[in-house]
Amino acid sequence: MHIDSLKTLVVDALEELKARDITLLDVSNLTSVTDLMLVASGTSSRHVAALANNVVEKAKAAGVQPLGTEGRAGDDWVLVDLGDLVVHVMLPETRSLYDLERLWADLPTDGERRGGAV
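Number 119 marks the last residue of the sequence shown (our numbering); no jumps.
Honestly, the hints are just simulated from the structure, not real lab data.
We put the CB at the ideal spot given by N, CA and C, even for glycine.
Among these hints, one or two may not hold up.
Derived Cβ-Cβ restraints for the label pairs, each shown as a range [to be verified]:
hint, residue 1, residue 2, range
1, S97, A62, 27 to 35 Å
2, S33, T70, 15 to 23 Å
3, G69, S46, 19 to 27 Å
Let the sequences and hints guide you as you build the complete structure.
The following block contains the structure:
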């Protein structure tokens, strides 16, 4: 599935269950692990789990097998790895604590790490 279609599928799955503060981070110049990270908040542990489950179900229905999920036991942060797109669904307090948006924004690009021009 093309990355733009996958992004739309995931955003739709999150919006369907009323995720809050959906933010897309393009990390393609920062890491070779994934191209995009999507961060969203849920209002409770049950909401976080339901959001992540909906992403997994919609991805599977579209023929995209998640590479893995992490964090389901605590449900304050669930990660869904879809390869080119990694989804982080968190409680607002957890999201604020780890502040992934700022963390990834502050990292140097691949070119800057190698000492080259970007």
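Going down the list of hints, with the structure as the test:
1. Separation of S97 from A62 is about 32 Å and conforms to the stated range, judged on CB atoms against 27 to 35 Å.
2. The hinted range of 15 to 23 Å is satisfied by S33 and T70, whose Cβ atoms lie roughly 21 Å apart.
3. For the pair G69 and S46, the beta carbons lie near 20 Å from each other, so the given range of 19 to 27 Å is met.
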